[in-house]
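These are the residues of each chain, in order.
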Amino acid sequence: MTAILQFDDVHRHFGKQEVLKGLSLQVEKGQIYAFLGRNGAGKTTALRILMGFLEPHRGRASVFGKDSQSLQPADRARIGYVGEGHLLDPTMRVKEAIAFERGTRPGFRTDLAERAVQRCGLRHGQFIARLSRGQRAQLSLVLATAASPDVLVFDDPAMGLDVVMRREFLDAMIDLLADSGCAVLFSSHILTDVERIADRIGILHEGTMLVDATMDDLARRVRRGILQGATAPVLADDRHVLRSKPRRDGYELLLLDAGPEELARLARLGRLDDLRAPSLEDLFLDLTGPDRPGLLSEPVRELALPAEVVS
Amino acid sequence: MNALLKRDLSFAALFTLLGTIAITIALTQDQFRQVWVFEPTRLQATFYTAWVAGLVLGAAVALRDRLQGVGDYVRQRPLSPLRLHAGRLLLTALVVVAWWVLAPLGSWLCEAIGGRLVSAGQPGRYWLLLATMAPAASAAALALLCASLPVVWWMQAVLATALLFVGFPACDAMASTSNYDDPLAYALAHFAFAAGLAALSCAFAGVERDPDRSWTRRVPRWATALVLAVGVAGGTLLLGLFTQGVLRSFADAYPLIGRVGDRYELLALEARSHSGPRRYRVVDAEHQPTGDLRSGEGVTDSYRPRIGWSRDPEIEPPNFRQADWRSGWAALRLDRHGFANCLLHDTVDWTSRFFVFGRGDATTPFDGRAHLVSLGTDGHASREVATFQSIVWVAEPGATEVFRFDPSTEQVRAVPLPGGDRIVDVVDQEQDDPRAVVGFTKPSTIVRGERAAYAFASDGLVPVVPAASAAIEAREAKRAARRAQNTEVRRETVVADVLCPTIRVVGRDGTALFEHAFAPRTTAERLAYAVAVLPSLVRAPVLQVAAHVFVGETSPTRASPFVDPVVAGGYRTWLVFAGFLCNGVLAFFSRRRLQRAGADARTLRFWTVAVTLLGLVAALLCEWFEPSRGWRVPAAGPKRAPRIRTAAVA
Chain A
1 MTAILQFDDV
11 HRHFGKQEVL
21 KGLSLQVEKG
31 QIYAFLGRNG
41 AGKTTALRIL
51 MGFLEPHRGR
61 ASVFGKDSQS
71 LQPADRARIG
81 YVGEGHLLDP
91 TMRVKEAIAF
101 ERGTRPGFRT
111 DLAERAVQRC
121 GLRHGQFIAR
131 LSRGQRAQLS
141 LVLATAASPD
151 VLVFDDPAMG
161 LDVVMRREFL
171 DAMIDLLADS
181 GCAVLFSSHI
191 LTDVERIADR
201 IGILHEGTML
211 VDATMDDLAR
221 RVRRGILQGA
231 TAPVLADDRH
241 VLRSKPRRDG
251 YELLLLDAGP
261 EELARLARLG
271 RLDDLRAPSL
281 EDLFLDLTGP
291 DRPGLLSEPV
301 RELALPAEVV
311 S
Chain B
1 MNALLKRDLS
11 FAALFTLLGT
21 IAITIALTQD
31 QFRQVWVFEP
41 TRLQATFYTA
51 WVAGLVLGAA
61 VALRDRLQGV
71 GDYVRQRPLS
81 PLRLHAGRLL
91 LTALVVVAWW
101 VLAPLGSWLC
111 EAIGGRLVSA
121 GQPGRYWLLL
131 ATMAPAASAA
141 ALALLCASLP
151 VVWWMQAVLA
161 TALLFVGFPA
171 CDAMASTSNY
181 DDPLAYALAH
191 FAFAAGLAAL
201 SCAFAGVERD
211 PDRSWTRRVP
221 RWATALVLAV
231 GVAGGTLLLG
241 LFTQGVLRSF
251 ADAYPLIGRV
261 GDRYELLALE
271 ARSHSGPRRY
281 RVVDAEHQPT
291 GDLRSGEGVT
301 DSYRPRIGWS
311 RDPEIEPPNF
321 RQADWRSGWA
331 ALRLDRHGFA
341 NCLLHDTVDW
351 TSRFFVFGRG
361 DATTPFDGRA
371 HLVSLGTDGH
381 ASREVATFQS
391 IVWVAEPGAT
401 EVFRFDPSTE
411 QVRAVPLPGG
421 DRIVDVVDQE
431 QDDPRAVVGF
441 TKPSTIVRGE
451 RAAYAFASDG
461 LVPVVPAASA
471 AIEAREAKRA
481 ARRAQNTEVR
491 RETVVADVLC
501 PTIRVVGRDG
511 TALFEHAFAP
521 RTTAERLAYA
531 VAVLPSLVRA
541 PVLQVAAHVF
551 VGETSPTRAS
561 PFVDPVVAGG
571 YRTWLVFAGF
581 LCNGVLAFFS
591 RRRLQRAGAD
601 ARTLRFWTVA
611 VTLLGLVAAL
621 LCEWFEPSRG
631 WRVPAAGPKR
641 APRIRTAAVA
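Protein chains in written order, with our numbering: chain A, 1 to 311; chain B, 1 to 650.
Derived by calculation from the structure, the hints in this document are not laboratory data.
Treat the hints with care, as some may be off.
To be verified - Facing chain B, from chain A, some residues (calculated, C-beta under 10 Å):
#1 GLY15
#2 LYS16
#3 SER24
#4 GLY52
#5 LEU54
#6 ARG102
#7 GLY103
#8 GLY107
#9 MET209
#10 ASP217
Every residue, glycine too, gets a C-beta built ideally from N, C-alpha and C.
Excised from the complex, chain A in its bound form:
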């Protein structure tokens, strides 16, 4: 399949701080790609580069195969974008925001937007400045999707929403995207939401991609378990042991592609308990969690060298 969105070895720094260190990923048609990472990981920078708002220092980001720095109005007409914080012009009313979209986006479907706005319980005369965060998020989503774009880019769309609003927002998103066939790239911190809707995830940590895999693949290949009563230290220097976190009575292990042979090897070192597929949140924490010891954690051993593991 052809990649609609693509990052190819994108580097970007701000002063001396390297924010993106060779980001590469691609999103295909109809795919929902969740872009995860801690605060300051570089998600927003990457999305702004993709939208052409920021220039990369090396590498290239492309949309529909065209360099994001030279997107023409016709290309932009095929992209729906919701920025961080669902920024809309606060001086407008809801109806004015719809009219603005209609006037500036050739393919904007007012009827679709009107229906969606009604479903969300928004009133036309409401000022955007007076909408709640959730309402603003919903309106942003409606406006971005009503032009029937081929690509949707959301920068942390659930930020600042409470559980109920987040759920409503996600439902609206699923509803609007159903069978639309458009590619979606969205960044998020809410991993339970990501698990619900994403086809593929990318975990960005300190400017580097740690994970770029489908949800199914992760569920199949990654295991988490506890090795109790270990007789010898288990180091994360193996391509199958992604993380080895010492506990009082053994190790917490994060395993990748651990087949029967690897499991047998570990079983010889101690008792391997509770082996199961980790939740996305656990995986995220294990990969990007703090490296320094806290009150509740033991010092963490370094992760294995990043040998590429491709299924």
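We have chain A already, so just place chain B on it with the hints.
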């Protein structure tokens, strides 16, 4: 575009309202009579309010999206950056045009509601008013441009100030005739300036500030060159002001030429005392002290070797008329064409009437030197405001008749001077003159003829009795004696070099009484000299060469701030070369910095040439526009693949 304008409707309405209110208040402050009845003169409040409002509008339009945090929301639209920028320009233009229409209307309405003069208002004055408000357009375009520049905010402010102080005086200069500004030329100059700025701002459409990216890679080179030119012009202006200050104090380092008794000597200030007289030490031609001291009381005349200095550049409102306010009869004055503009305001039935009259009829103007004099019921004549019952006279120097205004016919009637005398001047009689003879109790205006002095009466001129005339003559004689004393000797500048002038004191018969070639001879003088030439080293070498070769001897008084008086007139060729050398060194260091940062050959060439030709200001702009971090490229290394990766489906 329509959608963009509709979106900006509330913003535009707000600024239209605020600007209209501000300018209307300013117009009210400038008075309806000044604005709408007579030809507008310097409308201070309107002028300043208009351009300040323009500045605020331009900056607000440019910064609005950024301040509201909706920059990306607008940029992600399928509209080209140029179209978005054009929308901003159109919005600005519409608001300014609305001000031009609504504010005068507001001023008129204010008078219609609460004033008395609306019936005398001249709608035709609108065009002069429009010219006064024209700077609103150029100021708005200027702010829009500078706030759109992809540089740090203080740099935007510096460039805006430079543009303001270079652009506005340039517009003034384009519109200035001998005595007043041509309104049409003034308005056109500002419109052209605004159009130029708006066109330049299009070059920066969609370019955001990014200190981590090189400026020249993102901005067209011609636009960079233009911004550079503005920056250099502003910087040169500041250097020019600094040079003037330095030269002003430099003259104090030299001894002065003082007259002690019948001799002229070189005197160096020995001690400055607040209580007693100053003491001077006599110095020889080499400026070395001779040991003699002189008291300040004994120095009757002195000359400093100072060639003069110009006034500071400032932004002044345009002056659209030649003649000043001369008189009032209710309100009456001569306009720039020599016609008397008269506003009759009847306080009984509260009606106002405005009309124009000339010499005999409304088609022949008075002489440009004519004076309006109003004669009150107490027999007191004045060039100040008179009452409704006053009799108005017009007196022209050189004429053999005076003109009496007749309100019933709204024309003047010629009245010959007694004995066929000719008017020399119209003067104000002073307080200490014996005025009892003409019955005045306060200073009055009289006519000085070739043969006698005359006072104004209701039906003509009355010769002033000899006592009063003698007093005037005595006063004039005293003045003439003072003038003669001043012209007994005069100072001649033999060599008009601002730093090393040769001054000659010449007597009335043309003989040279004293001459001295000033040059730095003592350590203090040499030090002051070094400080005085220092600014010349960092000025734009290309301007220095132009001043050195093409401009003759000049002084800070006459020279444009862009001309360095230190090298003008062919003086100090070595300094021009030294300037080139200094700026060459600057260019070398700028080039080396850019080279180390990794700049491409084209950029290196551009800035090397710019700094070599334009000097320190260009070097500073290079430093700010092209920070080293803007050229940093991340080191190439092996691609780091994710630890867990699902291969893309082929």
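With a cut-off of 10 Å, does the beta carbon of GLY107(A) approach a beta carbon of chain B closely enough for the hint to hold?
Interface hint status for GLY107(A): holds (9 Å vs cutoff 10 Å).
Cut-off 10 Å, beta-carbon criterion: hint that GLY15(A) touches chain B
Given a least distance of 6 Å, the restraint on GLY15(A) holds.
Next item in the hint list is SER24(A). Is there a CB on chain B closer than 10 Å to its CB?
holds (7 Å)
Does ASP217(A) pass the interface hint, meaning its C-beta sits closer than 10 Å to a C-beta of chain B?
It holds, given that the least Cβ distance between ASP217(A) and chain B is near 4 Å, below 10 Å.
Status of the hint placing GLY103(A) at chain B (closest C-beta pair under 10 Å):
holds (2 Å)
Holds or violated: is the Cβ of MET209(A) closer than 10 Å to a Cβ in chain B?
Holds, because the Cβ-Cβ distance from MET209(A) to chain B comes to roughly 4 Å (cut-off 10 Å).
Given hint GLY52(A) near chain B, where the shortest CB pair must fall under 10 Å
holds (8 Å)
At a threshold of 10 Å, is the proposed contact between ARG102(A) and chain B supported by beta-carbon distances?
holds (7 Å)
Closest C-beta approach of LYS16(A) to chain B relative to 10 Å, hint status
Nearest chain B Cβ about 8 Å off; hint holds.
The hint names LEU54(A) as touching chain B; please verify it with the least Cβ-Cβ distance against 10 Å.
holds (7 Å)
Against the hints set out earlier in the document, no violation occurs for any number.
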